[in-house]
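**Student:** Letter by letter, the chains look like this.
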Amino acid sequence: MSYSSKSPWLIHYDGSSCNGCDIEVLDSMMPLYDVERFGIINTGNPKHADIFLITGAINHQNVNVVKHIYDQMLEPKVVVACGICACTGGVFKDAYNVIGGADKAIPVDVYAPGCAVRPETIIDAVLKAVKILDEKAAKMDASEKHR
Amino acid sequence: MATRSIIPFGPQHPVLPEPIHLDLVVEDEKVLEAIPQIGFVHRGLEKLTQKRDYNQFVYIAERTCGICSHGHAYGYVSATEKLLGIEVPRRAQYLRDILEELSRIHSHLLWLGLLADAFGFEALFNHCWRLRETILDIFQRTCGGRIILSVLVVGGLAHDIDDADLKGICDKLDGIKRDYLEIMDTMLNDTSVKSRLCGVGVISFEDAMELSMVGPFAKGSGIEHDMRSTGYGAYADLEHFEPIISNECDCYARCKVRAQEVVQSIDIIKELIAKIPHDGVGGKSKAKVVPEGQSHVLIEQPRGEAFYYVRGNGTKYLDRFRLRTPTSQNLGGLVKALQGVDLADVPMIILTIDPCISCTER
Ligand code: SF4
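Protein sequence lines, in the order shown, are assigned to chains A and B.
Heads up, the first sequence is in numbering that gives the first Met the number 0, so the first residue is 0 and it goes up one at a time.
Heads up, the second sequence is in numbering that gives the first Met the number 0, so the first residue is 0 and it goes up one at a time.
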């Protein structure tokens, strides 16, 4: 386990979600579900974050915002798509302003389905994300040694 | 001489669960003007009526907003039923209103928590959200979902909620009422809370009237406007209903109105459960097409009056669905309330209108 996977920091951005998934993401940080017990902290600053939780579909207005947040995060970083809207566009995929799931804008590592996504699913997805974060960090270390 | 600068606020900002962008024109610490830019959550939901038939569209209407999702489904199905000429059984109407009041409690608790967070009272924040879980448990037990209930259909309810479950709801509400009154006492009487809320973000009665504000934002400025007093659905059978208002016109007033509405909603639910008739809950409408014509309804959402309009064209698809949300009414008031305030109070004032961007932009 590397230092970052012991205490990864999250950033959450609401794409064009209906709020349902947002409040579940917030809920999973509240005392009942408490992802903070895994050392996870919610931050508002992309430069501090290791895991990017995105809810809601990508539309023409927010596609650049999402890319921008992703670009500001430092490597290694992991993206979790929370809710079916963020996975594929969900019920809104036929709407004229919706481009599709989060993977239309940035690379997604973990998909957490559900409408609204349940806090249990979010916790599961975040723990998977932590593992991926570890792998990415190990890969970066290895390529550093090669040089 | 003081210099002017523009601070961009959002769309990604720690206090905002939802994306909205404001350009704050500031001089020193004072905000001179706030220029909103919206559209980050726009999906084009209304136009989906052309791709989903009127029964399927309930699911889309429900997903307009995740916090008042039941209310949106309620507004849509009521308007469509009116157009189709369907008479919904009384029990279904009672259950709809019970769920609507439960949504109001959960929405207000969520909001009170977020407000506590905005002025840095972490413990209060967690307590509000802890109580809110009880309501979500009720939803999960009676409807299956925690957030999106998917229990309404055009013509009634997808399934009944039996009397034993209703009794369970009463018991749970009694349980949280005790806890809630303690929290409410802190929220309304604590000096540190008051010093952040009193006199901040004032909107006078006249301004509120002129800007046609709705919901707790208007009620906090002394406007007695609540669609529930028109007695739609089961609200007509209530012994007594009076909207809660407050005359301070500031952030504290809005907080007080919402805090007291929670208690009011608990009482309404208990009264409705005690009186509920047993005439079935109806079921999905079998009508093949929606006749030509139009109809509308107005309902009171947690954030205020919402307007739903549907127009049929003789096919199973609706010609038009239109929705006017409380937040879009209140944005004008928000921009007004932000003029001349301290920069540090901006997040809180934005919160006190309880903005719901996803329903506003759909
Ligand atoms: S997945 Fe469902 S609950 Fe989540 S944002 Fe989309 S519509 Fe809303």
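Hints were generated in silico from the structure; no laboratory data involved.
For each residue, glycine too, the CB sits at the ideal point set by N, CA and C.
Possibly wrong hints are sitting among the right ones.
As the list claims (entries may be wrong) - From the structure, some residues in chain A lie toward chain B, with a derived Cβ separation under 7 Å:
| no. | residue |
| --- | --- |
| 1 | Ser-15 |
| 2 | Asn-18 |
| 3 | Leu-31 |
| 4 | Ala-94 |
| 5 | Pro-112 |
| 6 | Ala-115 |
**Student:** Let me know if the C-beta of Ala-115 (chain A) comes in closer than 7 Å to any C-beta of chain B, holds or violated.
**Tutor:** Given a least distance of 4 Å, the restraint on Ala-115 (chain A) holds.
**Student:** Does the nearest C-beta of chain B fall within a distance shorter than 7 Å of the C-beta of Ser-15 (chain A)?
**Tutor:** holds, 5 Å
**Student:** Given Pro-112 (chain A) as an interface hint, is its Cβ closer than 7 Å to any Cβ of chain B?
**Tutor:** violated, 14 Å
**Student:** With a cut-off of 7 Å, does the beta carbon of Leu-31 (chain A) approach a beta carbon of chain B closely enough for the hint to hold?
**Tutor:** holds, 5 Å
**Student:** Any CB of chain B closer than 7 Å to the CB of Ala-94 (chain A)?
**Tutor:** holds, 4 Å
**Student:** Is the interface hint for Asn-18 (chain A) satisfied, with its Cβ closer than 7 Å to some Cβ of chain B?
**Tutor:** Since the shortest Cβ distance to chain B is 4 Å, the answer is holds.
Comparing the model with each numbered hint stated earlier shows that hint 5 is the single one that does not hold.
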